[in-house]
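Between the sequences and the hints, there should be enough to build the whole structure, so can you do that?
Protein chains: 2
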Amino acid sequence: MSIPPPNIVDFEIKETLLCGPGPCNLWPSVREALTKPIISPLCDEYFKALDDIRTGIKYVFQTKSNLVLAISGSGHSGMETVITNLVGPEETLLIANRGIWDERAYNVATRYGIKIIVHRIAHNTTFTLEELERQIEVYRPTALFITHGDSSTGTVQKLEGLGDICHKYGTLLLVDTVVSLGGVPFFMDAWGVDAVYSSTQKALSGPAGISPVAFSARAAEKIKNSKHKTPFYFDITLLAEQWNCYGNTRYYHHTLSPPLVWALRECLRQLSIETLEKSWERHAKTTRHFHERVQRLPLEFFVPNPEHRLATVTTLALPKGYNYDDVIKYVEEKHKITIFPGRGPTADKSLRIGIMGVNSTGAVADALADALADALQALVKSSL
Amino acid sequence: MSIPPPNIVDFEIKETLLCGPGPCNLWPSVREALTKPIISPLCDEYFKALDDIRTGIKYVFQTKSNLVLAISGSGHSGMETVITNLVGPEETLLIANRGIWDERAYNVATRYGIKIIVHRIAHNTTFTLEELERQIEVYRPTALFITHGDSSTGTVQKLEGLGDICHKYGTLLLVDTVVSLGGVPFFMDAWGVDAVYSSTQKALSGPAGISPVAFSARAAEKIKNSKHKTPFYFDITLLAEQWNCYGNTRYYHHTLSPPLVWALRECLRQLSIETLEKSWERHAKTTRHFHERVQRLPLEFFVPNPEHRLATVTTLALPKGYNYDDVIKYVEEKHKITIFPGRGPTADKSLRIGIMGVNSTGAVADALADALADALQALVKSSL
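Those protein sequences? They're chains H and S, same order as listed. Numbering follows my numbering, with no gaps: position 194 of the first sequence is 194. Numbering follows my numbering, with no gaps: position 61 of the second sequence is 61.
Hints may contain errors.
Given that identical chains are not distinguished, each listed pair holds provided it fits within a single copy or across any two copies.
Said to hold, decoys possible - Below 25 Å or equal to it, Euclidean Cα-Cα: the simulated DMTMM-like pairs (lysine to aspartate or glutamate) are:
| hint | residue 1 | residue 2 |
| --- | --- | --- |
| 1 | K334 | E300 |
| 2 | K229 | E90 |
| 3 | K14 | E137 |
| 4 | K336 | D44 |
| 5 | K329 | D370 |
No wet-lab data here; the hints were simulated from the structure.
The following block contains the structure:
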């Protein structure tokens with residue numbers, strides 16, 4: 001044997017309160033669901049689990065569409081699925097860019113010969129429907145890509161009415177709800193969204209690795225008539241057959257991850273029991289309370305307009321003289337709370353603090369505000 | 001709310017002995033590892049876990065290459081990663097076809113403008129190196145795709161010496177080890193394999209959803225000089241930066257699934273503790289015993305030549321008059337053992353019985369042989 005066996009040493013992992021923009025801690029029942037038995041992908045219990053997931057996804061996206069399923073990959077695999085199935089080579093994708101996920105959508109789209117138009121705004125704000133309509137009217141794109149919640153900036157985009165605008169010009173509306181789903185109101189059908197993807201490790205308080213997606217009837221029609229090919233792994237036509245979206249098919253496409261199937265099913269079950277309205281209310285209330293406490297500290301909101309602030313991720317600028325890494329390290333070590341630095345447009349300009357899913361409680365908001373107050377007090381002398 | 005919350009009812013899942021071609025049951029320590037804490041993807045423990053996984057993958061593939069990591073998806077995502085990173089549009093891929101995974105490779109390759117040559121043989125045998133060399137000499141392909149173990153036919157392909165043949169003609173050797181890794185000897189470097197992928201839910205006894213891949217220096221060079229673009233999710237250049245393959249980079253590419261990271265790490269730790277040699281011996285011994293017992297039953301091996309038979313998956317034809325589904329159902333209901341029907345070339349011609357990973361023991365082999373004997377006895381009258 002030219003390569004001897006390595007000595008992989010098990011080590012203790014300290015659990016912290018995860019209050020970055022994701023991943024979030026798990027619901028206890030979701031953690032339990034991870035250890036349910038591995039079952040055959042040919043048995044009735046397995047099909048039942050997939051059916052439950054599809055029912056749960058319809059609920060959380062608020063859609064009656066049948067073309068809903070989960071991609072076996074991270075949120076980025078959901079993004080690549082949505083873009084590649086709906087926008088072919090030489091077709092135009094308009095990207096409404098206000099954060100790093102829009103940059104990511106650009107990176108994805110460049111790989112497929114798609115014509116890309118980017119419309120940028122300041123990173124601490126959101127788009128007006130009027131400016132989006134102007135862009136759509138000029139470029140008549142096949143699709144508009146926009147993020148609902150943006151975890152790099154801490155903003156939430158108003159989407160109501162945008163579907164109608166898109167459809168007036170024959171444009172499909174593609175939406176990223178990775179950091180908003182379950183934490184902020186979202187209505188796929190009522191808002192005319194044509195394709196949406198999300199992820200489990202944010203406000204759903206599940207593990208990453210399995211990503212809900214949904215397509216409107218309009219999007220399904222486009223896919224049906226498309227001539228271009230998608231990656232095999234993201235081929236929604238084949239995946240719809242595996243997930244039995246139209247009845248009477250249980251074709252094998254790839255092997256799903258049973259722990260993630262059980263975990264996603266449990267996340268959706270949790271949310272169905274709590275109800276979306278109550279979950280949205282809880283997130284709004286917790287973050288309102290956190291923001292009230294923050295306002296008593298020498299911190300500044302990166303997003304000036306309260307209406308643009310995302311309920312799941314708050315971006316906060318430190319006063320002059322403080323170092324972002326020092327504050328993060330202090331909060332981690334003294335308070336066992338993980339918060340994140342800025343990223344992309346907020347790098348070195350903001351902390352990113354996520355209060356979502358299982359962590360969206362008054363107690364967590366208070367612990368975070370206490371930790372920040374303590375850090376600001378403890379570190380001020382050393383950094384001035 | 002136009003879509004009311006569904007009533008997702010929790011249900012008991014009966015655990016069976018999974019003796020199909022995969023998924024396999026989990027090592028107890030792997031099941032435990034699934035519930036380790038979710039941690040921040042920016043912390044040292046996380047980086048340590050990824051480093052451990054890379055070390056373990058080098059060991060199981062027997063390679064010194066640094067371009068090793070795990071794809072966040074099923075084995076099929078590993079396949080698509082290997083093909084798309086190494087074979088560009090207008091380049092030629094030779095597929096050595098003896099089962100359904102080779103059909104799958106064809107399906108993947110057709111999506112990228114790749115010229116595909118398929119060389120087929122009878123499904124119950126394997127390729128000689130001579131016939132492969134003749135094909136390579138004629139077509140001078142960019143790469144040869146071949147499966148090591150084939151779970152649809154129950155065959156194992158001799159690979160030793162194939163790398164040298166490929167390299168003589170400037171061809172890269174791409175190998176699927178999904179159902180062989182850990183159960184059958186495999187030596188990436190010594191056999192001159194240029195790219196290999198595997199999966200966790202077979203002889204590694206882990207959950208599906210995270211797939212080890214490795215690329216030789218020759219393959220890495222090809223990727224470096226490639227002009228064509230890959231899907232974002234499978235872009236090995238970006239993934240190598242996320243996985244710190246060349247040191248000094250920990251770039252964010254996508255969010256890994258913590259339970260699967262811990263589980264894969266534990267699978268590799270288990271195998272490092274047992275050692276590859278002992279695991280290969282164990283699989284060989286268990287299957288030898290199972291085959292001895294099977295020979296006393298009125299069953300026929302689908303693969304006539306014992307040297308072509310895979311140690312992890314056995315394909316067995318029933319005597320005339322028996323119905324495959326009846327036997328499978330009987331074994332499931334009476335003995336709580338899940339075995340699989342044939343697929344592709346073995347559909348309605350064979351049972352597919354997997355004894356691998358945690359299940360590769362004399363006791364499981366005996367239980368299976370007993371169950372088959374019982375089924376043959378119990379069902380003979382009703383089906384004649």
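Here's how the hints hold up against the structure:
no., hint, result
1, K334 - E300, "within (23 Å within a copy, 67 Å between copies)"
2, K229 - E90, "both (13 Å within a copy, 16 Å between copies)"
3, K14 - E137, "neither (53 Å within a copy, 56 Å between copies)"
4, K336 - D44, "between (43 Å within a copy, 15 Å between copies)"
5, K329 - D370, "within (15 Å within a copy, 60 Å between copies)"
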